[in-house]
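Dock chain B against chain A, hints included.
These protein sequences, in sequence, are chains A and B. First residue of the first sequence: 1, per my numbering; consecutive thereafter. First residue of the second sequence: 114, per my numbering; consecutive thereafter.
Just so you know, these hints were derived from the structure itself, not from any lab. There could be a bad hint or two in this list.
[Said to hold, decoys possible] Stretch by stretch, here's where chain A covers chain B in the computed footprint (C-beta under 8 Å, at least three residues):
id, segment
1, 156-169
2, 212-218
[What the hints assert, rightly or not] From chain A, some residues computed to sit far from chain B (all C-beta separations above 10 Å):
id, residue
3, D11
4, G52
5, V62
6, L73
7, D87
8, Q102
9, P106
Predicted model only: the values in this text are computed from it and were never measured. We put the CB at the ideal spot given by N, CA and C, even for glycine.
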Amino acid sequence: SAVISQKPSRDICQRGTSLTIQCQVDSQVTMMFWYRQQPGQSLTLIATANQGSEATYESGFVIDKFPISRPNLTFSTLTVSNMSPEDSSIYLCSVRLFQETQYFGPGTRLLVL
Amino acid sequence: GIQVEQSPPDLILQEGANSTLRCNFSDSVNNLQWFHQNPWGQLINLFYIPSGTKQNGRLSATTVATERYSLLYISSSQTTDSGVYFCAVNNNAGNMLTFGGGTRLMVKP
Chain A
1 SAVISQKPSR
11 DICQRGTSLT
21 IQCQVDSQVT
31 MMFWYRQQPG
41 QSLTLIATAN
51 QGSEATYESG
61 FVIDKFPISR
71 PNLTFSTLTV
81 SNMSPEDSSI
91 YLCSVRLFQE
101 TQYFGPGTRL
111 LVL
Chain B
114 GIQVEQSPPD
124 LILQEGANST
134 LRCNFSDSVN
144 NLQWFHQNPW
154 GQLINLFYIP
164 SGTKQNGRLS
174 ATTVATERYS
184 LLYISSSQTT
194 DSGVYFCAVN
204 NNAGNMLTFG
214 GGTRLMVKP
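Excised from the complex, chain A in its bound form:
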């Protein structure tokens, strides 16, 4: 299995500001994923982050709004830029091992006022 930690665990931010979320994994993984879970909803993939290449964004998500870094095989960051109340969600980091089981971090609960 994989142990994933995220920082911060929660935050309250003002609109127009940006927040960077960190994700650390206890083993080297090729693919890391960032998901968003809006209140009462299911999970939606924001982007896939591979080390050494640009992140691949899903429809409806753009790099200017959600820039991602992947400097090595155990770490990634997601920035939520120019925030609005609609960005209030749980943001989850995820990794897949051995092309099978996917694991999730504890999430970052974001509230934008």
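For chain B alone, kept in the frame of chain A given last:
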């Protein structure tokens, strides 16, 4: 893209009761997982089950890939089983896991 539908959307059980949760998907898959999201938001892996049957304690799951559905069985439910159960799949077209809408379970003491 692939569509994933879960039923029922909400379920209330008395402690000790059994239940069956269903996941239907619209295309062939090479990965299917069941997750439990606890009240604190943590997603816990329950099963990796693209086909066949698996059991883990009071939980078991069956995926019939040819008919594009999976079932999660919870027996002798406990209050700690409360939360949201998600089914997620990905197919040969890509690496992304697509999630169903979830089943929100409340087990009453």
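Each hint tested on the structure:
1. For the segment 156-169 of chain B, the stated coverage by chain A is satisfied: 3 residues place a CB nearer than 8 Å to a CB of that chain, which reaches the threshold of 3.
2. Only residues whose C-beta sits within less than 8 Å of a C-beta in chain A count toward coverage, and the segment 212-218 of chain B has 4 of them, enough to reach three; the restraint holds.
3. Under the 10 Å C-beta cut-off, the non-interface status given to A:D11 relative to chain B holds; the minimum distance is some 14 Å.
4. Every C-beta of chain B lies more than 10 Å from that of A:G52, the closest at about 16 Å, which supports listing it as non-interface.
5. Look at A:V62: its CB is around 17 Å from the nearest CB on chain B, clear of 10 Å, so calling it non-interface holds up.
6. The Cβ of A:L73 sits about 16 Å from the closest Cβ of chain B, beyond the 10 Å cut-off, so the non-interface label holds.
7. Taking the minimum C-beta to C-beta distance to chain B, about 17 Å, the non-interface status of A:D87 holds against the 10 Å cut.
8. Some Cβ of chain B comes within 10 Å of the Cβ of A:Q102; the nearest lies about 6 Å off, and the non-interface call is violated.
9. For A:P106, the shortest C-beta to C-beta distance to chain B comes to about 5 Å, within the 10 Å cut-off, and the non-interface label is violated.
In summary, the structure is inconsistent with hints 8, 9 from the numbered list given earlier, while agreeing with the others.
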